[in-house]
Amino acid sequence: MLQRWTAGRFLRLPRFARFDLTPEALNKRIPQRRLLSTTKSPNAELAPLRKQLKDAARADRTARHAGVKATCTSKAETLSQWELTVGIEIHAQLNTSVKLFSYASAEYNEHPNASSWPFDLAVPGSQPLFQPAVLVPALRAALALKCQIQSRSKFDRKHYFYHDQPAGYQITQFYEPFAKDGRLVLTPQDGLGHKDDDTIEVGIKQIQLEQDTARTQEQDEHTSLIDFNRSGHALIEIISLPHLHSPEAAAAYVRKVQSILHAVDATTTGMELGGLRADVNVSVRRTDDRSARHSYSGVTGLGQRTEIKNLSSFKAVEDAVRAERDRQISVLEAGGVVEGETRGWSLSSPGITRRLRGKEGEVDYRYMPDPDISPLYIDESLVTHFQRTLPPVPEQLLDMLCTTYGLTIDDSRALLSLDDGTRLLYYQDVVSRLYTDTAQPRPSVQAANWVLHELGALLTTASTVWSPDLVDAQQMADLIVLQRENKITGPSAKRLLRILFDGDKSSVAEIVRREDLLFISMTNEEYDELAARVIGEHQAEADAVRQGGKRSSGKLKFLLGQMMRHGGRNRVQAQKAEEVLQSKLKPNDV
Amino acid sequence: MNSRTSAPIRRVIRGTKYRANPSPWTRVELNPHIAALLSQPSWSVRSLLPSEEAASTSEISRKQLHHLLKLSALPVPTTQEAEDRMLKTLQSQIHFVKEVQKVDTTGLQPLVAIRDETHDAIREQMFTLEKLQPWLDIEKTVGTNGTIRRQKSKEMIKGSGWDPFDMGKGKETRKMGKYFFVKKNKDVEQAK
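Just so you know, the protein sequences line up as chains A and H, in that order.
Using numbering that gives the first Met the number 0, read the first sequence as starting at 0 and increasing by one per residue.
Using numbering that gives the first Met the number 0, read the second sequence as starting at 0 and increasing by one per residue.
Hints in this document: simulated from the structure, not taken from any laboratory.
All the pointers check out, no bait thrown in.
Pairs of lysine-lysine residues, derived as DSSO-like cross-links and limited to a Cα-Cα distance of at most 30 angstroms, are as follows:
hint, chain 1, residue 1, chain 2, residue 2
1, H, K174, A, K157
2, H, K139, A, K504
3, H, K62, A, K308
Let the sequences and hints guide you as you build the complete structure.
The structure is reproduced here in structure tokens:
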């Protein structure tokens, strides 16, 4: 009796229930109770509950998938009827030691309100003093984005009242910015969506210098704390033309701008740390509708745009654009009109945007040329110098790695992104030390494997932060040369790397001598003898290999492993051993 | 014609003796056409102000006035009388501006400030490679690809000697810990 129940394998009945537990008996006693068992019930009406639940879940799943597929296809159809247009304004903090109009320190200061001068707090009577140091990163940024530098540019005031704006206006360059008409090319490798197969050239309308505001912290709902360390810090605002047409492209654009700015040392902190912020302008129009009236800076035929402010991560840009696109499409499809308003997006509800300010709340900035600040004149010689000495952008480095060093795109990308580009420099150092005295082509691909993957594996398991001093470049180069010339086997090389990684600073030659890692090649007779011995010890496996079939390759590997084990640690070469085994066991195939 | 022979104009200065010497004060006869031209003023600064009737009707509505006050962060007037006075002043100011706008300025660039804009002055202000060399000298080239990184520790920074709270009496009331603070009413708080 109990047997039958335990055959059901999941249900344990309490002690009092051990009576006659046949289905018929139970049914007679309590007709409503269901029989919980996986054993086949003789009575067809009493279908096991578990099976019922399973069937219900399966039906639900198929329905949901069908529903999702339905919504997916209908959404794809909807999207194909609409064209999305996005323009992005990026604010990036410049990498300088002083602020824009005062020589207060712009470095990070953990003490609040400790690095400001009177002009940063708009103390009455204080005057702006333009700091030439900001021109270095600003011009590099503009040239990296292929802009035309204006020999004369002017500063304007943008008026609005807020507690983080001490003067009541922000100094910016609205009418005459210092750089105009740039461009940025996005390729599919930059992470465009699957739809965007071609390259996109995004025009940059202008780049302007402006001041940053102070930092606000909400202490409670009635009090804000203000820290003026950041007030007056130099920013550049990069305004793009509305040439982006998908959320993925928008995120890719921001990502690429950040990587370019970082490569030319124009900014140091990224979006995650607040050094870069993006505001996006989104509009939609029907693909076949030429009557859309709005235009922006020469791009005509656009729908009404809305602005989403203060996005602070790449994913946020993508999600916000997508949410706003969907909202605008649904409004227009329902017959409504999109209003030109300012909206906000937050991580807590990524699928929607909230209205911050409507047209009636639109701020009138009353742009006005600043009379206290003289125009900014930039000489041709300075621009030529920066153009000539411009640091390479990631694209150029990728190109160099793929052509000169022969690496794959993925390996190149990894080298560029790891450890702030220092892993790349280490790699180049290692390669430069390989075969310096001969005209031989350098084994750069092998070197990349060692620097990226082997060293990377050791770092991960030891949870260490990489530094170029862990394994000296010369040691690494010597190791690679030895391995390439087959003076040590692969496994020995890995062991050697481990020894170096653990802190041994002696030369590689010394370590090889000490640990006896040199590979002494076995003769063919020695291989034959070893193979024969292993086959003799494991007849069953040998027979399986001889017969062939499904498991034969596994058995072969087993025999190979036995050879490696018994052949002396650094003497057996795997490939050769496999060949010898093959020839011994299947002489006809050879 | 009568310059030499006419009598000098007497000037009586109370309490002093007037010496009857030949004086430079001679009557100058003007060409009658010029005299006629100069006798009547052709323009008065009074034309820049609105006449009494025009001043009473205002072009600015109450709503516009409130909007302007909000933009300037000024308080809305409390009494109707104060508001009327404000509107009247504003109206006269607008009239003034309209009169000034009657001048034809096509093709002219607005004057922002009076500066020395001679060629020499501009060359002096221009930022050249030599002027920026001190900052370029403290940068470091990293690696062999031409990457440049600014060296943070090397620059002379003057900037952290001023205490922003130390601006007169009541220093402690402006602080909350090391921060400035702002109390706000949640409804009035405007999203930036």
